[in-house]
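Engineer: Build the full structure now, drawing on both the sequences and the hints.
Quick note on UniProt numbering: the sequence shown kicks off at 1 and runs consecutively.
Keep in mind that the hints were calculated from the coordinates and are not lab data.
Glycine residues also receive a C-beta, built at the ideal position from the N, C-alpha and C atoms.
Incorrect hints may have been included.
[Unchecked claim] The calculated label-pair distances, taken between Cβ atoms and stated as ranges, are:
id, residue 1, residue 2, range
1, 20, 41, 20 to 26 Å
2, 7, 40, 26 to 32 Å
3, 8, 46, 35 to 41 Å
4, 6, 43, 32 to 38 Å
5, 37, 6, 22 to 28 Å
6, 22, 43, 18 to 24 Å
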Amino acid sequence: MKTDKIIKAVVLLSGGLDSALAARLVLDQGIELLGINFTSPFYQCDR
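Structural biologist: Printed below as a string of structure tokens:
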């Protein structure tokens with residue numbers, strides 16, 4: 001089914017490979033993405 005409507009989605013990027021790969025697979029399907037990454041004050045990573 002072909003449509004002229006632009007499909008848009010939001011992707012949460014964790015910084016790891018899984019979310020980046022998932023975003024790429026969605027982009028390859030022609031879906032427009034908005035990537036979001038944020039730091040939570042409720043979790044402190046000791047890297």
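Engineer: In this structure, is the beta-carbon distance linking residue 7 and residue 40 contained in 26 to 32 Å?
Structural biologist: 29 Å, holds
Engineer: Tell me if the beta carbons of residue 37 and residue 6 are separated by a distance inside 22 to 28 Å.
Structural biologist: 23 Å, holds
Engineer: A range of 20 to 26 Å was offered for this pair. Does it hold for the Cβ distance of residue 20 and residue 41?
Structural biologist: 24 Å, holds
Engineer: May I ask you to test the hint 35 to 41 Å on the CB atoms belonging to residue 8 and residue 46?
Structural biologist: Because 36 Å falls inside the window, the suggested range holds.
Engineer: Regarding residue 6 and residue 43, is the given constraint of 32 to 38 Å on their beta-carbon distance met?
Structural biologist: Since residue 6 and residue 43 have Cβ atoms about 35 Å apart, the given range 32 to 38 Å holds.
Engineer: Is the distance from the Cβ of residue 22 to the Cβ of residue 43 consistent with 18 to 24 Å?
Structural biologist: 22 Å, holds
Checked against the numbered hints listed earlier, the structure breaks none of them; every hint is satisfied.
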